[in-house]
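Asks: Chains as they are written, first to last, in our numbering: chain A, 1 to 306; chain B, 1 to 310.
The hints are simulated quantities; they were obtained by calculation from the structure and are not laboratory data.
No false leads were slipped in.
Cβ pair distances, simulated, as ranges:
#1 F5/A <-> V92/B: 38 to 46 Å
#2 D128/A <-> V100/B: 43 to 51 Å
#3 A291/A <-> A292/B: 36 to 44 Å
#4 L212/A <-> V100/B: 33 to 41 Å
#5 L33/B <-> H93/A: 25 to 33 Å
Each residue gets a CB set at the ideal place from its N, CA and C atoms; glycine is no exception.
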Amino acid sequence: MTGTFLLEQALNGLQYGLMLFLLAAGLTIVFGVMDMINLAHGSLYMAGAFLAAWLAPLLGSFWLALGGAVVLTAAGAMVLERTLLRSLYRRDHLSQVLATFALILILNDAVRMVFGNDRPLSAPAGLDGPVALPFGLHYPAWRLVIIGVGLALAAALYVLVQKTRVGAWVRAGASDRDMSTAMGVNVPSLFTAVFGLGAALCAVAGALLAPLLAVQVGMGENILIPAFVVVVIGGIGSIRGALVGALLVGVVDTLGRTLLQQVLREGLPPQWASAAGPALASVAVYVLMAAVLVWRPQGLLPVRGR
Amino acid sequence: MTPARVATFLLLVAAVALPWLLRAAGWDFYLSLASRILIAAVAATSLNLLLGYAGMVSLGHAAFVGLGSYVGGVLLSEGQQALWAHLLALVVVVGVAALVIGAISLRTRGVYFIMITLAFAQMLFYLANSLKGYGGDEGLRVRPRVLLPGGADLRDGTTLYLVALAVLVACVWALARFARSRAGLAVRAMRDDELRAEAVGLPTFRWKLAVFVVSGLVAGVAGLLSVNLQGYVSPNNLHWTQSGTLLVMVILGGAGRLWGGIAGAAVLLLLEELLSSQTQYWAFWVGWVLLAVVLFARQGLAGLFDRRRP
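Take these sequences, add in the hints, and give me the full structure.
Replies: Have a look at this one:
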């Protein structure tokens with residue numbers, strides 16, 4: 001176990017955490033401001049990935065395809081918000097679970113009808129190889145791009161939410177929706193825009209991760225739960241909490257998968273270590289979440305006034 | 001007898017006669033679908049107790065069903081076929097799991113409760129994936145042959161169907177008794193206003209935990225029946241989308257209504273069966289039906305026939 005190895009794992013954790021943050025940001029606002037459980041949030045991520053994979057050969061450029069996927073996903077999500085989700089905000093959580101579960105079924109099959117079960121999407125030429133970093137580390141260039149884009153978007157989102165008037169409205173909505181309505185914030189319109197922004201972030205994550213993972217139907221359901229874990233660890237409605245939670249989950253998950261295996265190998269017989277390692281690594285994130293909830297039931301950085 | 005009782009009695013007679021009716025009509029294939037519906041109805045009814053009667057929204061209920069299946073699957077693959085061993089192992093494994101998960105989860109409320117039950121279910125899902133000796137992520141195939149008292153075994157389709165039916169009838173009967181009992185009143189009082197229930201002296205935590213464990217055990221029985229029907233259990237039985245499907249069954253049928261779990265399980269599985277024989281995109285149409293139910297039948301299907309509040 002060397003410093004190079006640790007650096008590599010830390011970068012992997014950062015990369016995964018930043019992508020989770022892009023997904024969790026939209027989820028936590030919908031959750032916090034509208035008190036709405038949106039199980040179909042992962043479907044937006046899937047839609048973004050499929051749209052990018054469809055556009056890339058047509059437009060001949062990964063980045064144009066990414067832009068197109070972002071615009072189309074955001075537009076589709078805003079239509080969805082206006083037509084269906086809006087009528088669910090005032091309903092109980094159970095209706096929201098049923099309706100958004102139904103949306104998962106519909107969107108999965110709709111994507112399958114239009115695009116098929118899976119679609120390849122590779123990183124732009126020149127960014128698909130490794131680059132040399134200090135300490136003799138050769139790291140995939142594409143992962144560095146993901147980290148760069150993730151950091152830039154996280155910073156932009158932070159400025160938007162913490163420093164601008166629109167951000168103040170969103171934060172006000174998260175701590176008390178009725179009061180902010182009374183103070184003159186047009187919550188419904190604000191919300192359509194916020195929902196579109198959340199969908200755009202999902203599409204970015206979907207397109208960026210596509211070259212690393214497979215673009216396939218059902219990818220939304222697998223990423224949804226870690227994103228929910230991030231939201232709950234951070235505190236529902238809190239963007240800052242989502243960032244902290246996402247980085248924590250990213251690092252714990254990555255280190256769990258690599259370090260834990262190594263540590264166990266030193267203490268246990270090899271066949272035990274190779275059996276227990278992956279199991280413990282997969283549950284590490286959920287143990288983290290359960291521990292946080294037992295310790296701080298409102299999450300690490302709860303929104304004030306809730 | 002009231003008309004409702006007459007209808008229930010006739011329905012029960014028809015359900016008992018179904019295997020022979022199907023055989024007479026040459027539709028033997030549908031017997032396993034009928035068993036699948038009965039087993040799903042047991043699981044959904046157990047979730048309905050938790051959700052509809054006690055107000056706890058769990059998004060991890062499939063974990064208990066799956067755990068029950070793994071108990072049966074592991075014992076069968078080890079050659080243990082005695083019913084008492086299966087039931088004992090079920091009570092110990094599922095009971096302890098439900099007790100621990102319930103005791104920790106019940107410290108939280110609302111959305112956080114939904115998420116923490118989900119987290120525990122995911123832990124069990126990954127644990128099942130790592131059971132290399134019992135199929136790992138590929139699942140475990142077994143030859144079902146649980147011995148029942150009197151020499152019958154669960155390998156026979158008709159026997160399995162009748163056992164599943166008996167379990168379901170027992171569940172519904174117990175739920176009906178419970179709903180009318182003082183305990184049922186106490187639990188529903190907690191669901192409607194926990195603070196007030198606590199103020200009048202109800203030990204709410206203990207009540208909720210008891211309901212959670214009973215509900216988990218019944219779900220485990222459904223899982224035990226399921227592995228005997230399918231001869232197969234895989235980690236996917238514990239995946240969160242399975243828990244989502246169970247929730248959908250209960251909400252679709254009508255949460256907090258005696259027949260809600262059964263109606264939801266029957267309608268959803270029949271709809272799936274009907275549509276999947278017509279189109280490979282059956283889930284697409286199931287989704288639209290579910291959306292229509294959310295938008296136009298707010299109390300679920302049972303609510304369409306019943307104007308009373310649960």
